[in-house]
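J.: Protein chains in written order, with numbering that gives the first Met the number 0: chain A, 0 to 299; chain B, 0 to 571.
Worth flagging that the hints you see were computed from the coordinates, not collected in a lab.
Positions of the beta carbon are idealized from the N, C-alpha and C atoms, including for glycine.
Distance windows between CB atoms, simulated: (1) A:Ser296 with B:Asp192: 41 to 49 Å; (2) A:Val19 with B:Glu479: 54 to 62 Å; (3) B:Ala450 with A:Val37: 38 to 46 Å; (4) B:Glu44 with A:Glu110: 58 to 66 Å.
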Amino acid sequence: MTTAQITDEAQRQLARTFDVEQVVDGDRLTIERLREEVKREEDPEFASMGEAIRSDLSGKVDTELLDEQLEELSDQFERLPEVRERGIPEGDREPESLYRELADPGWEIYEHLLEIDFFESLEANLPRFTPEHIEGTAHELIGSDELTAELEALGFDEQERIALVMDVTNNNDRLARWVPTKEIPADVEFGVEHVPPLHQRAAGGTLLWIDSLDVHLWQNRVLVTDEILDDASWDVKALLGGFYLLAQAALEIGREEGLTDSQLTAAITAGAAITIVNQEEICKNVFWITEEMRAPSEAR
Amino acid sequence: MSLEEDRAVQAAKDTVVRETDQGFRVLGSPDKSVTHQHDVDRIEEFDVTNEMIQESGDNPEAWLTYGGNYEQHRRTTADVITPDNVADLEVEYILDVGAGSSMEGTPLIVPGDPPIMYQSNGPNHVKAIDAREGDILWSYTYAVPSDVVLCCDDNNRGVAAYGDKVFMTTLDSGVVALDRYTGEEVWHTSTADHEEGYSATWAPIAYDGMIFTGSAGGEYGVRGFHKALDAETGDELWHTWTSPETEWVGDSINQSCATNWMNATVDVEQRRLYLPIGNPGPDFDGSVRPGPNRNSCGTLALDMDTGERLWTHQEVAHDVWDYDSAAPRVLIRDMEIEHRNTTKDVVVSAGKTAWLYTMDTETGELIERSEPGVQQLNMYRMIPHIDEGRRMPFMPGAMGGNDWQPPAYNPETGLMYTKMNNSPQEAWWRFEEYEEGKKYWGGILEDETEAVPDEYNGKISAIVAINPETGERVWRDWIESDAYIWGGMVTTETGVVFTGTQNGDFIAYDGESGDRLWEYDLGEASIAGSPMSWYDPETEKQYVAIQVGGSGWLRRGAGGRDTRLAVFSLSE
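Bound-form chain A, shown alone (with noise of 0.2 Å):
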């Protein structure tokens, strides 16, 4: 199985983003180091942010539903293994649920989400990605030990924790194009009524790549290459990893309890922006197969 690539620039501009000195080539970060850089004081606007969400939502989370769901989805993290040695799906004239399976737990959590307008209240509440929205996200949550604590008993090594951070701290264009339906400038709107909220994107997004792999690997075998699957692998965990992230704050919400209200606003925060980049990264890995990506053809 693969694990998330990082370079010695990505490290770099994580390190300044901390303000950690002296990270060397080939030196590797850590959550602790990182975190023995960040100043443990709860920042009132994420503060705010959070508390209106908790208020917005108050009563309506089934946590017995979210509770259920989120177990669901952590064997799925134990199943990604498995699914990468497997790496194409079965089936003669359909593809067996492979990937599907992986997304099934999310599908239960999204729908639940709809149902308690929970993205509703992300986008009336949440801000767009600011370079400083990023920042306040990425220091709660590398001062939060239940969050880190959170990814690594789903299996992300420290390496892979690292990576998820960077998705999040190293994308600040990336992210600041992708604005909250509510932000969309006056004069240059869609039809907004049939844009979903940010973050629902984020989420909804996330399931619908995680499904289709089953079909694509399956009926595109010929072009597929152990590289590609190793890419698909990564990419999944980080996706389920950033939108468990997201449906545990939601789970947080209804137990009021647990994570603080800055917390809550950077688990959100977090798990959009790890989504986000990573739909990004799925697609150039794994769907967008060039012609120097492609498996050798049999037939010339």
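Knowing the structure of chain A, use the given hints to seat chain B on it.
T.: Here is chain B on its own, set in the frame of chain A:
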């Protein structure tokens, strides 16, 4: 009777097509549709049957459906013209059709004495012609509403013949049925509201009492569909959205596009349709339509009796380059696939990506993806956001590769012949105002690029032969010009391939080698039409017909308008 006295021709001539910021508008169309009859008694009265159309591909005297046969091979069994004698081909007649608008069509031939040609062009103008003499027998112009907006000109690519009627799609997203003998209107059915951005430009397909028709408007935020209509009455038999709600996030489905703007390939044995499907909407801003947008930019197979979706094969997930997969699919029966030691029915797509995709008709499984027909430079690189101030020319551009232009397949050579563009374009994504019925691109497309990729060979287009079994590119003839290449191909059982170019040349190739065997200079206008061919037993000649004239979106003056139908012939 002269063209000046033909009221339908005059109505078409009085219609003005104007390019605006929102696309092409059709102005000055008649208030009511106009039929003008000339010598209609020359048209023999008999029904065009399923059997006749099914045998059309093997009948040298017929061209009864858009692609020559239901499998869309664009190959004639007329065998008078061969590689050895094609140099003797001569002009039989050049007919001025009178209405000099978009000329992207393929005429039909209903065999008989005389053979009757049904020929159409923009703006929704169709004629019955004595194909032997070149005389107009009736003509018809549809009353196109003045508020129709079209992305890419007032195109009409042909008609369907079935029973005692001919069927033409109308620019306001409809189908009109005309009496085949008189040109009089029998029924018109609107398939969608043109004020929402829908339109229709393709030749419909007729089979077993049904008329199959799709949807256009992929630059206007519509939702793509395919429909079957009752050939007799125009009543809707079924309607299928190309994309299901489950493949899109929330309400983004409502402006998902994925239109089906070229016609269906009919599998009469399996009672299936294979549809080409276009870009997702909006074209360039993918952030408001996350996910692969699965049923866009690929092939969709439907049950022809119910419209049920059977499978889809996507060529470009989450497209942001306007990589429609628009060209009609080619159905090849019993293709021997040596490297898999098997024989299968396959369906082949020539996409804007410049690859040919050979797929299993049962499942959509990719059997082979070909070598690229033209250059792929900066391909699949994410287009920049407008705020970045960065430029990134990519190839193929949004014109392809192979856009709508129908390829030909010759079972004798085992090769597919395609026309591909080879030119960089640039695109940016940004927020864009959306109003119903107006362009919904979510960005900008620029075909006058500031720079070109270093490796670009500077040749704007090519005619390419590719083996769909192995994916091998067998030959390629680069066509240099200032304008894009457009229009389709025809091939003969004897191994000749005909096509026109944007430079006004009509060319015959040796299908095996790609050698040019014959050329005819039809002037400066582009040839955007698709040629076809038939044999007339009375005259003992084989004919090849091509509509001459450009159409919109060809860049730099559209290669010029023209009004001619050129017919060439060779005696036995």
